[in-house]
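Peer 1: Below, each chain spelled out in residue letters.
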Amino acid sequence: MSTWEYAPAPESREIANLKPSYRPFIGGEFVDGSGEPLKSVNPATEEVLAEVGTASASDVDAAVKAARKAYDKTWRRMPGTERAKYLFRIARLIQERSRELAVLETLDNGKPIKESRDADVPTAAAHFFYHAGWADKLEYAGFGPDPQPLGVAGQIIPWNFPLLMLAWKIAPALATGNTVVLKPAETTPLTALVFAEICQQADLPPGVVNIVPGAGDIGAELVNHAGIDKIAFTGSTDVGKLIQRSVAGTPKRLTLELGGKAANVVFDDAPLDQAVEGIVNGIFYNQGHVCCAGSRLLAQESVVDELLEKLRYRVSTLRLGDPLDKNTDIGAINSAEQLTKIRELTESGVAEGAERWTSPCPLPERGFFFAPTVFSNVEQSMRIAREEIFGPVLSVLTFRTPAEAVAKANNTPYGLSAGIWTEKGSRILWMANRLRAGVVWANTFNRFDPTAPFGGYQESGFGREGGRTGLEGYLDV
Amino acid sequence: MATPTLPAELSDATSDERSLRRFLHGLPGVDQVGVEQRAASLGTRSIKKGAKLQAIDTAISMVDLTTLEGADTHGKVRALAAKARRPDPERPDTPRVAAVCVYPDLVATAVESLAGTDIGVASVATAFPSGRSSREVKLADVALAVRSGATEVDMVIDRGAFLEGRYGRVFDEIQAVKAACGDAHLKVILETGELATYDNVRRASWLALLAGGDFIKTSTGKVSPAATLPVTHVMLQAVRDWYTATGELRGVKPAGGIRTTKDAIRYLVAVHEVAGPDWLTPSLFRFGASSLLNDLLLQRRTQLDGHYSGPDYVTVD
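One line per chain: the protein sequences are A and R, in this order. If you count the first sequence from 1, position 225 lands on 225 in this note's numbering, and the numbers rise without skipping. If you count the second sequence from 1, position 39 lands on 39 in this note's numbering, and the numbers rise without skipping.
Don't read these hints as lab results, they were simulated from the structure. There's no promise every hint is true.
[Stated by the list, open to error] Within a straight-line C-alpha distance of at most 30 Å, the following computed DSBU-like cross-link-like pairs (lysine-lysine) qualify: (1) K310/A <-> K262/R; (2) K326/A <-> K262/R; (3) K52/R <-> K326/A; (4) K49/R <-> K326/A; (5) K76/R <-> K310/A.
[To be verified] Derived DEER-like restraints, expressed as beta-carbon distance ranges: (6) A245/R <-> T317/A: 15 to 25 Å; (7) P10/A <-> A245/R: 31 to 41 Å; (8) A371/A <-> A79/R: 48 to 58 Å; (9) T44/R <-> T81/A: 37 to 47 Å; (10) G26/R <-> R434/A: 21 to 31 Å; (11) L304/R <-> S426/A: 50 to 60 Å; (12) R319/A <-> S11/R: 32 to 42 Å; (13) S426/A <-> L163/R: 21 to 31 Å; (14) G216/A <-> L304/R: 52 to 62 Å.
No residue lacks a Cβ here, since even glycine has one placed at the ideal position from N, Cα and C.
Could you put the whole structure together from the sequences, leaning on the hints where they help?
Peer 2: In structure tokens:
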């Protein structure tokens, strides 16, 4: 056949049930927030999707009070078996509305529909199912005979996995008997507000979940509010540091899940074709907007040329374009601001002497897009080897011995994740014991499961989310 | 007897049994979880409208229409040949299939029935499907097929020797069959269902390519599992790597178990994205199938007519 172009296969945007405006959710009701409304933009087209009412300081106060009331009057007193029923109901409703949520997520965030459909939404539901199972078994979780909730949790989530990060935060908090006030990211508030509808559908007692859209100032209001017992934040390391300063000297508990600069270490005895898949998945999944992205490839010198040749060919087959198209592999960068940051860091890579290769894929005329890029001949001292780019840009470094691989992989202020590629099991264990990273993947990358704790070392934050360990962040132990 | 065009590291690999073994065991491993994940994820590609029709026509032109039963008769082969010439009699623009695939004793009938067309006649040979006989018997089998006019020979490798690690024996046998084929194209059946691991599939693929196979083929269709997507991924990767190393294009043929248009399109997507667009031609990719053709014809009609017509509107041969 001459050439085979896949015909466009767009998912219908009607499925998203997009409304012209969305409002904050406080005390079980959608209310007019008194903050300045924001407009949520589709990053793939730059069109305004909807107007979103935001919370002001007084709305945050109302939300915290509603959460406190719900905590004292109903939620903390409710038997775990009853709380579990609500969580199971929420999980099933997420499944029932999964297509709507997936399309809405893709419109608001820019991620490919195949990812929101096959990963974000099903994993979000899985987190509620998993934690629903814990709600009546907390006394067997290893935190003493009668572990108690903390109270009201203030939760601030990022824009890269809006619904999934919401699930990571809300599911364990509710399962352990806490109530929450959650602030979604400024650029991606829509699925959180549909989740609020799901809470209503599930008859969740008013005030157990409150959603307060807004920018960083509203996050600060939440962090500094005296009625908050616990802050859980996922986002940038800079903001994480600010939050930690703010809560210092207060009784507030804190867990932080921050940035990363993960190393994906490929040995010369690795299953190379699958390593290429893992590298691609590690850095180009979700346009590289992943805190645990494998943004540094450490390749053994004896195999780097072959690996790079295979990698470039594979990356050139990635399909970039309309995120709603079911065949799109790489969607849109979430915002103009992020695109500027990626461009700036990429230029620094060129200026510092790294060799740039960019996929020849065509870019759409409108929207925020950045072609997948691989830098080779990168040195540890370059900015692209040290700073989190949070975009589809891979930095390739080399090593000679396993000890050097460990030294280079650990040579970062971050420590969220790492990958090891080798057919030799003993080397995997040797490496995993030495890598300073919260998650170490062996012969795979970016695999998530509600049962597996996730979290970082050093500037990647502290505390764990998911699994039995993740419950600890919401219990008074 | 390595092909003279091979780069040094490849011709060295076949210089003796030990070098061959070292070479095959030095190939990168295949991670089972990874390759299955990749195959599943490519399987979600959504092929619609014009792209789908193009895929259906391409798939039809890649079919090796196959009958390999003890009950095969001359009449059955003639019916199959007629189907190959005109897959959908009411729609003369339907592409012809690539070849008809039969046992050696029926090759003459197939050749006669297909005279005047460019449709190939493929014959299985070498004590198909088990390959359990002497070299002499196998070569005689090939000779019968070639003498009767087969343009393509589908041989089976000696899986017993392969699993014993006697790679030289397998290599020599493929070379001997290749020599006996003359101008006929050689497809080497690995019987991946008996090799069991993806590492073995990769090694057997390279072994067959080194020995001069024009195509590597997954299965006889007599062993379960027959063709699977992940196995085909590994083989497509092997021909791509072969091309990178030598500049030569070699083909892949999954056979057995591919029955629906949906399945066929998943395979074409794999060809397109793993090996590359160059492989989307009947000279480099084939489907070994019998019932697949009718589903392709039905789906072709559905695409053109806008509605489904039903199994009574295609011929049962």
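Peer 1: A separate judgement is required for each hint: does it hold in the structure or not?
Peer 2: Going down the list of hints, with the structure as the test:
1. K310/A <-> K262/R: The given pair, whose Cα atoms are some 28 Å apart, holds under the 30 Å limit.
2. K326/A <-> K262/R: holds, 16 Å
3. K52/R <-> K326/A: holds, 15 Å
4. K49/R <-> K326/A: holds, 14 Å
5. K76/R <-> K310/A: violated, 46 Å
6. A245/R <-> T317/A: 15 to 25 Å: holds, 20 Å
7. P10/A <-> A245/R: 31 to 41 Å: holds, 40 Å
8. A371/A <-> A79/R: 48 to 58 Å: holds, 53 Å
9. T44/R <-> T81/A: 37 to 47 Å: Given range 37 to 47 Å: holds, Cβ gap about 38 Å.
10. G26/R <-> R434/A: 21 to 31 Å: Given range 21 to 31 Å: holds, Cβ gap about 28 Å.
11. L304/R <-> S426/A: 50 to 60 Å: holds, 59 Å
12. R319/A <-> S11/R: 32 to 42 Å: holds, 38 Å
13. S426/A <-> L163/R: 21 to 31 Å: holds, 27 Å
14. G216/A <-> L304/R: 52 to 62 Å: holds, 57 Å
In this structure, the one hint that does not hold is number 5.
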